Amino acid sequence: MTGPRTRTRTRRRAASLVRRLHPAPLVRRLAAPLVAGALAAGALALPAQPAQAAGSVVEVTGSQGDWQLTVDGSPYQVKGLTWGPAASDAGKYLPDLRSMGVNTIRTWGTDATSKPLLDAAAANDIKVVAGFWLQPGGGPGSGGCVDYVTDDGYKSSMLEEFTNWVDAYRDHPGVLMWNVGNESVLGLQNCYSGEALEEQRDAYTSFVNDVAVRIHARDPDHPVTSTDAWTGAWPYYKENAPDLDLYAVNAYQDVCGIRSAWEQGGYTKPYIVTETGPPGEWEVPDDANGVPEEPTDQAKAEGYTAAWDCVTGHRGVALGATMFHYGTEYDFGGIWFNLLPAGQKRLSYYAVKRAYGAGTDADNTPPVISAMSVEGDPSRVPAGGELTLSVRATDPDGDPLSYEVLSNSKYLDESNELTPLPATDLGGGRLRVTAPDRPGVWKMYVKATDGKGNVGVESRSVRIVPPDVDGTNAALNAPATASSEQQGGGDCPCTAAGAVDGDLTTRWASDWSDPQWLSVDLGTRTAFRHVQLVWETSYATEYTVQTSDDGRNWRTVREVTGGDGGVDDLDVSGTGRYVRVHGTQRGTGWGYSLYEFGVYT
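Quick note on numbering: UniProt numbering labels position 211 of the sequence shown as 211, and the sequence is numbered without any gaps.
No lab work stands behind these hints, which were simulated from the structure alone.
Keep in mind that a hint or two might mislead.
Computed Cβ-Cβ distance ranges for the label pairs, DEER-style [stated by the list, open to error]:
(1) Ser88 x Thr541: 34 to 44 Å
(2) Asp569 x Gly376: 11 to 21 Å
(3) Arg218 x Ser88: 23 to 33 Å
(4) Val149 x Thr419: 40 to 50 Å
(5) Arg315 x Asp96: 25 to 35 Å
(6) Gly359 x Gly143: 42 to 52 Å
(7) Asp151 x Glu263: 34 to 44 Å
(8) Asp171 x Thr419: 46 to 56 Å
(9) Glu414 x Gly376: 21 to 31 Å
(10) Glu198 x Asp243: 13 to 23 Å
Below, a list of computed lysine to aspartate or glutamate pairs in the DMTMM-like style, where the Cα atoms sit at most 20 Å apart [stated by the list, open to error]:
(11) Lys269 x Asp245
(12) Lys269 x Glu59
(13) Lys452 x Asp361
(14) Lys452 x Asp397
(15) Lys238 x Glu263
(16) Lys238 x Glu199
(17) Lys269 x Asp202
(18) Lys452 x Asp395
(19) Lys92 x Asp119
(20) Lys238 x Asp202
(21) Lys238 x Asp210
(22) Lys269 x Asp210
(23) Lys269 x Asp66
(24) Lys452 x Glu404
(25) Lys452 x Asp363
(26) Lys452 x Asp399
(27) Lys269 x Glu239
(28) Lys269 x Asp243
(29) Lys238 x Asp66
(30) Lys452 x Asp96
(31) Lys92 x Asp125
(32) Lys238 x Glu198
(33) Lys269 x Asp221
Computed from a prediction, not measured in an experiment: that's the story for all the values here.
Note that beta-carbon positions come from the ideal geometry of N, C-alpha and C, so glycine has one too.
Go ahead and model the full structure; you've got the sequences and the hints to work with.
And the structure:
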């Protein structure tokens with residue numbers, strides 16, 4: 001293969017198991033699970049347990065439709081957030097969580113590194129839903145296929161590992177409950193299909209029950225639950241995991257439908273919502289450029305409020321929620337979901353704080369961006385040209401605002417990174433930047449900060465296209481040949497013809513070696529004055545443009561060094577029947593790849 005396919009976004013589709021699918025990316029698996037056998041191999045030692053307060057007795061009490069969670073006999077409603085920072089930073093962040101009215105945090109893995117988090121949680125009167133990771137956790141996109149029907153070794157290893165960590169922490173005052181697995185009933189569809197998939201889901205949920213039985217035998221004072229995506233997994237738990245004390249579910253846009261699903265399913269256990277918030281990337285409609293339309297900051301804040309209202313509206317059954325996500329990552333997923341990306345608080349942070357009853361009247365709150373637009377046609381922005389963004393922002397506290405523009409290429413190459421772009425402030429909320437140089441759909445972000453630790457962020461997509469070139473493209477649909485062609489993998493075959501067909505969704509791709517070339521036959525000796533190269537991710541840092549009258553003897557008309565991909569617009573003076581680009585140094589570990597090779601007269 002020549003490298004990642006950069007122009008087509010794979011839209012994941014859920015099987016009939018679930019009404020909505022909930023993929024794993026978005027940088028949320030920050031408490032990594034232990035690998036199987038690590039404990040047995042001595043890679044991690046059980047933490048020493050200094051003298052500390054005794055662990056709490058946590059119970060699910062009540063009867064059908066009238067349950068409650070109690071901690072040491074007192075009613076306890078889970079007012080929580082999923083945990084993002086490193087466990088070692090817990091002492092820094094837990095006081096802030098407590099100030100928000102949060103009494104619970106949720107993790108996805110429990111190991112030797114969990115102790116500082118549990119200690120800090122207990123010191124701040126916060127409890128932890130302590131997770132245990134099972135493959136293929138995280139829903140679609142996750143790795144690690146396990147055969148739960150036959151792989152007794154994996155199951156035995158996980159059972160032993162989880163038991164050891166339960167023994168280590170069962171008396172810790174920070175523990176609220178144990179949570180076995182995350183979205184694996186859904187994730188198994190990546191590994192199996194048909195009857196085999198059903199057998200695996202039955203076997204997986206039966207194993208979860210085995211874990212619950214073992215935990216109860218070692219720790220009768222804390223409930224055991226298991227998380228999956230949406231309620232389509234619950235029938236499997238109902239059939240195969242009777243020893244769970246309660247169910248757990250991740251649901252975003254459809255969180256308000258959990259109640260009807262529970263009622264129609266005839267379930268006899270309560271539940272908690274272990275992830276929820278505004279709609280995710282997989283739930284929103286596409287925008288005009290064909291990528292998910294991210295909700296505004298205001299809509300996201302309203303999403304947390306609505307989710308909490310629906311959880312608390314299912315009285316006696318929904319025992320609370322750990323909403324997503326108390327994270328500080330400043331990237332694509334962090335902007336979509338984190339309450340404080342880069343440590344700066346946004347509208348959603350304060351919405352959760354209000355939902356949990358802490359109040360925000362005395363707080364300095366974030367800027368509000370009420371509108372954002374792209375001047376001109378956002379579906380045809382010339383690569384490397386001027387791009388002007390317009391925002392309308394106000395600050396509730398009258399603080400002066402500063403702005404930053406950033407870009408992201410996720411829909412080209414799956415990158416989560418945000419790249420700051422030098423911006424000229426034109427006044428009136430208008431910001432001018434140089435557009436990215438690589439064709440395709442980009443996300444553009446405007447960040448407004450108030451200097452008081454608060455931020456407002458909005459985004460729009462733009463489609464970057466090669467700049468128009470005056471003249472006639474003599475290479476368009478002309479015969480083309482190449483030193484090599486990638487025949488398979490990803491979107492290939494990627495033949496030479498794909499680079500001269502005028503279609504930015506097709507390409508030429510070479511073998512992974514130097515040198516390589518692509519040649520076009522103009523049919524007759526032709527004078528040309530401009531060459532435009534539109535590179536895919538796999539570009540050349542050093543290459544020449546050459547001409548020939550016979551396709552054998554070549555003359556160099558332009559030499560390029562320090563190439564960085566994207567679009568190369570080259571003014572040249574050349575004449576010949578054949579024109580080729582001859583790559584001598586690749587910019588990546590893959591081959592060379594061109595979407596278009598234009599030769600203009």
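Outcome of range test on Cβ distance (Glu414, Gly376; 21 to 31 Å): holds, 28 Å
Please verify whether Lys452 and Asp363 have alpha carbons no more than 20 Å apart. This hinted pair holds, its Cα atoms lying about 10 Å apart.
Proposed proximity, Asp202 with Lys269 (alpha carbon, max 20 Å): Holds - the C-alpha atoms of Asp202 and Lys269 are around 19 Å apart, at most 20 Å.
Starting from the range 42 to 52 Å, see whether the pair Gly359 and Gly143 falls in it by beta-carbon distance. This hint holds: roughly 43 Å between Cβ atoms.
Check whether the Cα positions of Lys238 and Asp202 lie no farther apart than 20 Å. holds, 11 Å
Run the distance test for Lys238 versus Asp66: straight-line Cα separation, threshold 20 Å. Holds, because 19 Å separates the two Cα atoms, which is no more than 20 Å.
Straight-line alpha-carbon gap Lys238 to Glu199, limit 20 Å: With Cα atoms ~15 Å apart, Lys238 and Glu199 stay inside 20 Å; holds.
Hey, Lys238 versus Asp210, does the alpha-carbon distance stay inside 20 Å? Satisfied, since the Cα-Cα distance of roughly 14 Å is no more than 20 Å.
Does the alpha-carbon distance linking Lys452 and Asp397 stay inside the 20 Å limit? holds, 10 Å
Mind checking the alpha carbons of Lys269 and Asp221 for me, to see if they're no more than 20 Å apart? holds, 18 Å
Lys92 and Asp119: Cα distance at most 20 Å? Holds, at about 12 Å.
Are the Cα atoms of Lys238 and Glu263 separated by 20 Å or less? Satisfied, since the Cα-Cα distance of roughly 13 Å is no more than 20 Å.
When each numbered hint is compared with the structure, no violation occurs for any of them.
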